[in-house]
Amino acid sequence: MEGLVESLRLLWGLDPYVYNIIIVSLRVSGLALLFSALIGIPLGTFLGLTNFPGKPLVTALLYTGMGFPPVVVGLFVFILFSTVGPMGRLGWLFTERAMITAQIIIAFPLVAGFTMAAVMSVDRNLMRQLRALGATKIQASWAAIKEARVGVLVAIIAGFGGAISEVGAVMLVGGNIEGKTRVLTTAIVLETRKGNFGVALAFGIILLGLTFFANLAMLYLQKRQMFARE
Amino acid sequence: MQQTSYKLHNLRKIYPGFELHIADLSLKDGEIFCLLGPSGAGKTTLLRLLNFLEEPDEGEVVFRGQKYTPRTYLPSLPIMRQITTVFQRPALLKGNVWQNIIYPLRIRHQKVDNEAIMEIVNALGIASLLKQSSSTLSGGEAQRVALARALVFQPQVLLLDEPTANLDPANIMIIEQMVTKYAAERKPTVVWITHNHFQAKRVGDRVCLMEGGRVVEVSDKEKFFNDPEEQRTREFLAGKTFY
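As given, the protein sequences belong to chains Y and V, one line each in that order. First residue of the first sequence: 1, per my numbering; consecutive thereafter. First residue of the second sequence: 231, per my numbering; consecutive thereafter.
Hint data in this document are derived by calculation from the structure and do not stem from the laboratory. Each residue gets a CB set at the ideal place from its N, CA and C atoms; glycine is no exception. Possibly wrong hints are sitting among the right ones.
As the list claims (entries may be wrong) - Here are some, though not all, of the chain V residues that point toward chain Y, as calculated from beta-carbon distances under 8 Å:
{"id": "1", "residue": "Asn281"}
{"id": "2", "residue": "Leu283"}
{"id": "3", "residue": "Leu307"}
{"id": "4", "residue": "Thr315"}
{"id": "5", "residue": "Trp328"}
{"id": "6", "residue": "Pro334"}
{"id": "7", "residue": "Lys341"}
{"id": "8", "residue": "Asn344"}
{"id": "9", "residue": "Met348"}
{"id": "10", "residue": "Arg416"}
{"id": "11", "residue": "Lys417"}
To be verified - Derived lysine to aspartate or glutamate pairs resembling EDC-like cross-links, with alpha carbons at most 20 Å apart:
{"id": "12", "chain 1": "Y", "residue 1": "Lys194", "chain 2": "Y", "residue 2": "Glu178"}
{"id": "13", "chain 1": "V", "residue 1": "Lys324", "chain 2": "V", "residue 2": "Glu345"}
{"id": "14", "chain 1": "V", "residue 1": "Lys237", "chain 2": "V", "residue 2": "Asp254"}
{"id": "15", "chain 1": "V", "residue 1": "Lys324", "chain 2": "Y", "residue 2": "Glu178"}
{"id": "16", "chain 1": "V", "residue 1": "Lys431", "chain 2": "V", "residue 2": "Glu285"}
{"id": "17", "chain 1": "Y", "residue 1": "Lys137", "chain 2": "V", "residue 2": "Asp457"}
{"id": "18", "chain 1": "Y", "residue 1": "Lys137", "chain 2": "V", "residue 2": "Glu447"}
{"id": "19", "chain 1": "V", "residue 1": "Lys417", "chain 2": "V", "residue 2": "Glu261"}
{"id": "20", "chain 1": "V", "residue 1": "Lys258", "chain 2": "V", "residue 2": "Glu465"}
Claimed, not checked - With the Cβ distance kept under 10 Å, some of the chain V side facing chain Y (calculated, not the full set):
{"id": "21", "residue": "Arg278"}
{"id": "22", "residue": "Ile313"}
{"id": "23", "residue": "Arg319"}
{"id": "24", "residue": "Pro320"}
{"id": "25", "residue": "Tyr333"}
{"id": "26", "residue": "Val342"}
{"id": "27", "residue": "Ala346"}
{"id": "28", "residue": "Ile347"}
{"id": "29", "residue": "Arg379"}
{"id": "30", "residue": "Phe383"}
{"id": "31", "residue": "Ala400"}
{"id": "32", "residue": "Met403"}
{"id": "33", "residue": "Lys431"}
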């Protein structure tokens with residue numbers, strides 16, 4: 001109850017510290033989700049519709065990626081962008097770009113994996129019939145994504161959930177710098193360590209609320225599209 | 231004079247335990263070519279090859295003067311889009327009936343000619359279903375929608391894989407009338423797989439019996455049913471072949 005009151009007070013009070021954290025969180029996770037969807041949906045569709053010799057290996061790698069510990073991803077990205085790392089010259093460490101990179105690595109296997117499962121459930125007979133009607137492979141694949149849109153939406157929601165709720169990787173590569181790379185999850189860790197349980201709980205409630213409304217918005221868009229098509 | 235659309239020569243498609251081998255076969259524009267034969271005779275495999283949905287292992291197909299061999303068995307998109315198949319079990323997209331019917335036009339970026347479509351829709355008796363969700367259709371309705379979807383872009387080759395199997399007589403009649411009308415007006419090549427001898431008699435110009443991946447006999451309808459050359463055809467027509 002104390003956390004709820006505190007979160008309402010923080011939001012109501014237009015606290016710039018809180019709003020900055022919310023905006024950074026949404027920007028980092030939103031962009032990570034966008035890139036994850038751009039990579040994951042085509043990849044998942046390809047894997048769901050195509051058979052090739054190395055497919056079991058690629059699928060196994062993808063499933064491994066879906067359960068990859070975020071802190072390990074953070075470690076890899078840290079090494080990648082550290083001054084002695086192969087991409088150190090970019091100077092991305094402790095910036096939003098490094099955080100976005102880490103979240104893409106965490107979210108895209110989720111988007112691709114769930115998309116693959118959804119597309120695989122589309123009737124193969126339908127795909128054959130669309131090809132017989134003159135659809136190109138790309139047109140038939142697009143139709144498969146639309147047929148599997150509920151599953152693809154679940155994939156996007158899972159990707160968003162994986163990205164915004166992640167703490168270990170963004171803490172490592174972002175550094176939790178106030179006003180720059182502090183996001184909701186890292187702020188919760190910080191406030192808890194400082195003993196500000198009320199503020200930490202408030203950030204937790206804000207995070208839950210944001211995730212809830214983001215998912216609600218996606219479901220609403222999906223439902224509107226479904227009603228428009230029926 | 232009817233123009234030859236397909237010439238098949240020494241065409242082979244091999245699966246584990248089955249081989250389709252068509253030594254020589256020609257198909258013509260403006261004819262309805264009925265394929266009869268027991269299950270597993272290779273009729274559907276032949277249809278897939280004619281639609282270029284699968285490639286053969288050997289042999290060649292000459293389609294409208296252009297030769298296709300296993301290594302070159304991928305015609306250009308405009309050629310592919312002259313051909314279509316109506317399958318035994320129609321699979322429709324989510325959405326309503328109208329969206330399904332205009333799908334081939336949308337992927338071709340063609341203008342939707344409402345008048346021409348409504349002519350087909352009315353002939354098939356599906357005008358009242360246009361706003362209905364495809365998932366709510368009966369088997370007969372879905373098949374009529376699938377046929378409408380196949381005819382809206384006026385294919386030059388119409389391949390029918392048992393389109394009336396498991397349908398009631400009223401639906402069978404509507405589909406037969408629509409296909410024969412389309413064949414008479416547009417003069418496409420129509421290949422129609424059926425298990426029904428009477429249907430082949432009603433709609434076919436030429437009839438072919440296939441068995442074990444081979445063509446047993448091809449002849450004009452009258453000759454096929456009244457005076458077949460092959461003993462196997464006589465046995466088949468006498469009902470001595472098990473499906």
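How the hints compare with the structure:
no.	hint	verdict
1	Asn281	6 Å, holds
2	Leu283	6 Å, holds
3	Leu307	7 Å, holds
4	Thr315	4 Å, holds
5	Trp328	11 Å, violated
6	Pro334	5 Å, holds
7	Lys341	16 Å, violated
8	Asn344	19 Å, violated
9	Met348	20 Å, violated
10	Arg416	17 Å, violated
11	Lys417	20 Å, violated
12	Y:Lys194 with Y:Glu178	15 Å, holds
13	V:Lys324 with V:Glu345	24 Å, violated
14	V:Lys237 with V:Asp254	7 Å, holds
15	V:Lys324 with Y:Glu178	49 Å, violated
16	V:Lys431 with V:Glu285	31 Å, violated
17	Y:Lys137 with V:Asp457	46 Å, violated
18	Y:Lys137 with V:Glu447	37 Å, violated
19	V:Lys417 with V:Glu261	7 Å, holds
20	V:Lys258 with V:Glu465	28 Å, violated
21	Arg278	8 Å, holds
22	Ile313	8 Å, holds
23	Arg319	6 Å, holds
24	Pro320	7 Å, holds
25	Tyr333	7 Å, holds
26	Val342	15 Å, violated
27	Ala346	17 Å, violated
28	Ile347	15 Å, violated
29	Arg379	7 Å, holds
30	Phe383	7 Å, holds
31	Ala400	24 Å, violated
32	Met403	24 Å, violated
33	Lys431	27 Å, violated
Against the hints set out earlier in the document, violations occur for numbers 5, 7, 8, 9, 10, 11, 13, 15, 16, 17, 18, 20, 26, 27, 28, 31, 32 and 33.
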